Amino acid sequence: MADVNKENVIDQEEVLHPKMVMVEIAGKNYQVPEGITVVKALWYAGQEVTRGLGCLAGFCGACATYYRTKDDPKVRTCLACQTTVQDGMSFTMVPPFPARKATYDIRQLKDPKQDLFALYPEAPLCRNCNACTEACPQTIDVREGVWRAVFGDFQAVSEMFMDCVMCGLCTPVCIADIAPNLVALYASRAHGAHFVEKPIQLDHRIKEITDGKYQGDWEQVMKMNEQELVKACAELK
Amino acid sequence: MDIHKLQEIVHKTRDARRKQVLPKYTPAERDTLITKYHPDFRENAYRPIKFGPNEGEKTVRELASLLEGDSSVPMDLGLTPAHTCDVLVVGGGGAGCAAALHAHAQGAKVILATKLRLGDSNTVMAQGGMQIAVTKEDSPVTHFLDTLKGGHMKNDHDLLKVMVEEGPSIAKWLLELGVLFDRDADGNLHVKKGGGSSRPRLVTASDYTGLEIMRVLKDEVLNQKIQLLEFSAAVELLSDKGGCTGAVLRDLDNKRFLIVAAKTVILATGGIGRLHIQGFPTSNHYGATGDGLAMSYRMGAKLMHIDTFQYHPSGAVYPEQLIGALVTEGIRSEGGHLVNARGERFVNELDTRDVVSSSIIRECEEGRGIRTMSGRIGIWLDTPLLEAEQGEGTLLKHFPAMVRQYERFGINIAKDPVLIYPTLHYQNGGVKIDTHGESDVKNLFVAGEASGGLHGRNRLMGNSLLDLMVYGKRSGLTAAARAKSMPQGKLTLDHVKKFKDEAKKHRVSSDVVSPMLFPAYAKKE
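For the protein sequence lines, the chains are A and B, in the order given. If you read the first sequence in the numbering used here, its first letter stands for residue 8, the second for the next number, and so on. If you read the second sequence in the numbering used here, its first letter stands for residue 3, the second for the next number, and so on.
Cβ-Cβ distance ranges computed for the label pairs, FRET-style:
{"#": "1", "chain 1": "A", "residue 1": "V16", "chain 2": "B", "residue 2": "G412", "range": "17 to 27 Å"}
{"#": "2", "chain 1": "A", "residue 1": "A183", "chain 2": "B", "residue 2": "K526", "range": "42 to 52 Å"}
{"#": "3", "chain 1": "A", "residue 1": "M229", "chain 2": "B", "residue 2": "G337", "range": "29 to 39 Å"}
{"#": "4", "chain 1": "B", "residue 1": "G80", "chain 2": "A", "residue 2": "P80", "range": "47 to 57 Å"}
{"#": "5", "chain 1": "A", "residue 1": "E129", "chain 2": "B", "residue 2": "K499", "range": "50 to 60 Å"}
{"#": "6", "chain 1": "A", "residue 1": "A106", "chain 2": "B", "residue 2": "G80", "range": "33 to 43 Å"}
{"#": "7", "chain 1": "B", "residue 1": "H278", "chain 2": "A", "residue 2": "W225", "range": "37 to 47 Å"}
{"#": "8", "chain 1": "A", "residue 1": "M229", "chain 2": "B", "residue 2": "G244", "range": "30 to 40 Å"}
{"#": "9", "chain 1": "A", "residue 1": "W225", "chain 2": "B", "residue 2": "G393", "range": "36 to 46 Å"}
Straight-line distance between alpha carbons at most 30 Å, and here's what the computed DSBU-like set of lysine-lysine pairs gives:
{"#": "10", "chain 1": "B", "residue 1": "K444", "chain 2": "B", "residue 2": "K492"}
{"#": "11", "chain 1": "B", "residue 1": "K163", "chain 2": "A", "residue 2": "K214"}
{"#": "12", "chain 1": "B", "residue 1": "K174", "chain 2": "A", "residue 2": "K220"}
{"#": "13", "chain 1": "A", "residue 1": "K230", "chain 2": "B", "residue 2": "K156"}
{"#": "14", "chain 1": "A", "residue 1": "K205", "chain 2": "B", "residue 2": "K399"}
{"#": "15", "chain 1": "B", "residue 1": "K526", "chain 2": "A", "residue 2": "K77"}
{"#": "16", "chain 1": "A", "residue 1": "K220", "chain 2": "B", "residue 2": "K163"}
{"#": "17", "chain 1": "B", "residue 1": "K138", "chain 2": "A", "residue 2": "K220"}
{"#": "18", "chain 1": "A", "residue 1": "K230", "chain 2": "B", "residue 2": "K163"}
{"#": "19", "chain 1": "B", "residue 1": "K399", "chain 2": "A", "residue 2": "K120"}
{"#": "20", "chain 1": "A", "residue 1": "K108", "chain 2": "B", "residue 2": "K257"}
{"#": "21", "chain 1": "A", "residue 1": "K26", "chain 2": "B", "residue 2": "K7"}
{"#": "22", "chain 1": "B", "residue 1": "K174", "chain 2": "A", "residue 2": "K120"}
{"#": "23", "chain 1": "A", "residue 1": "K35", "chain 2": "B", "residue 2": "K257"}
{"#": "24", "chain 1": "A", "residue 1": "K238", "chain 2": "B", "residue 2": "K163"}
{"#": "25", "chain 1": "B", "residue 1": "K227", "chain 2": "A", "residue 2": "K117"}
Hint data in this document are derived by calculation from the structure and do not stem from the laboratory. Keep in mind that this is a model prediction, so the values were computed, not measured. Cβ atoms here follow ideal geometry from the backbone N, Cα and C, with glycine treated the same way.
The following block holds chain A by itself, in its conformation from the complex:
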């Protein structure tokens, strides 16, 4: 095993001076170790969480959470798996919000930019309160994104919302009942399906495969024995 080299050990405040902090989970107080994530605090408190956990890595948006820090009136949002607890923190997971998702056949859209208004007629009713932007745990400028969608700049929307984990925290705060994440998803998909250049080389490759261009190579490779295959692999540069 490794030698115990004192030189190469990272100081960790939570190990040097382990401390418990007081948190309030959905109205009930618990002592939990300092430095753990909100999700781990839930587990530490003995709570089984089924609704509200997914990838545990900040990508799936399942663990949307409201929290407030000590003595601060401001309620903020976070992803529970990506946030560290603080002493005096108060938090509760956010249940899924019943936002309306429009259904559409993305490939059959005739006029995607106009269709937005039929699918999401509330989209242009944004009253600029900016609550959605403030609610976004991914720091996306959500309000700006909604306007860009309304003005047909779908490309900008797709770029701005590449970070969107669909946690839906922008939906309950909207006073115009817009579901900004769903509007953005529509705009991004429509952009990809209708307004992006087709990659010519990809079609070319598909045709080569259907035309049997690689048939000869395949026949050769598929009848090789293991030794010959090892050699063929080694020759790849």
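With chain A held as given, fit chain B onto it using these hints.
Below, chain B alone, put in the same frame as chain A:
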């Protein structure tokens, strides 16, 4: 010591390292390294499976006891179906969605059941990209050989050939659905180089490839109005004369059993990271507990390569909150160095995952690692190097997800290298399938990580996303076509009874109930 003091050596040695070219190991050197350091070769972590289709074969202890585990379903359970369909898809990740969409497009009545929400999966976290041979300099045959080499020549040739050949048409399908892959200036798909690949072949959506694909597929499943059963975990399959005829689900809210009659079943239940094999942390999602393996094994499906797992070289070790989380391989693809406590590189960073992981373990076991006070160990991944090479702002531009991941805990990866150690990432093997995704059990299909054979003994970066899409599609199409021409079979638990008898015969009295569904993290007194 203060972390910044420890990092100084990485900054100091950066310029000297930039001039270095590290050769890849020869095949013999690779074998020696892997045999000595890879977790797959830790004898005491393994034991033979006592009975069933893979009797006598070795796998890790954690999995062996699940496979031999007992059913949670009472044998006198009433089997009147609550739902009836042509195709039941179990699992809501990439493979499950691809299977459901393709089966639905064929006119089959599809139900998609998943124990968490639609889309909760490992797919959503995939950052590195999807290998597809699209460039002029590349070909499906080269993709085949690269994968074979990466898999230590143990890959199923037929499964692999199908995957590489169908890759381009999968890319086309995803583009039509609106997936936004990165492009070159001429409009063609931009490709990046991945570890173990001889050509740049990774099709990407910045470092959000899996998220982008999953967002679109999820939306498409909803648009197609495919029937969903969320928070409904499959706990047993149903059989008629050995063939699969449906499943028993458990509604996780009211805990009731829910019987689904299905002419065909597609298991797309994913991997096993949450079993924490050999005590490793994992990059996997909360539900990655190998449910499909346990259920199909009881039904008589043969498993393949279940003694080999992928430990991704770069799992986060520091800060504590990120332990096990994946640090994208893209950093190494773009030239990031792995650096030990002495400031030295020790492996060609673009070698295959098993080789790179083994070399990191070697460095740490030989005392050249960096420790954390909570007892972890790791080596540096020199992220600031990318800024030095390609200009300020490179990381934010190309790795927004990773920048965000560390920023949340006060670490600026443009300035500070990060500490990493291998994390349990992928199950190389799984249920043996044919080129249509069908297992040894009639009408039981398996797609994605739960299936085995395609990747051999080590999966190449970027091949999983493609595997999911290709075998999701093929199993979906085949299952839908099959369902058209046959009646619904009877619903019985005969195979479970038989399995219980086998257990008794082998004197296995298991107190392990499988599938496990979730890891037990909640603290109970």
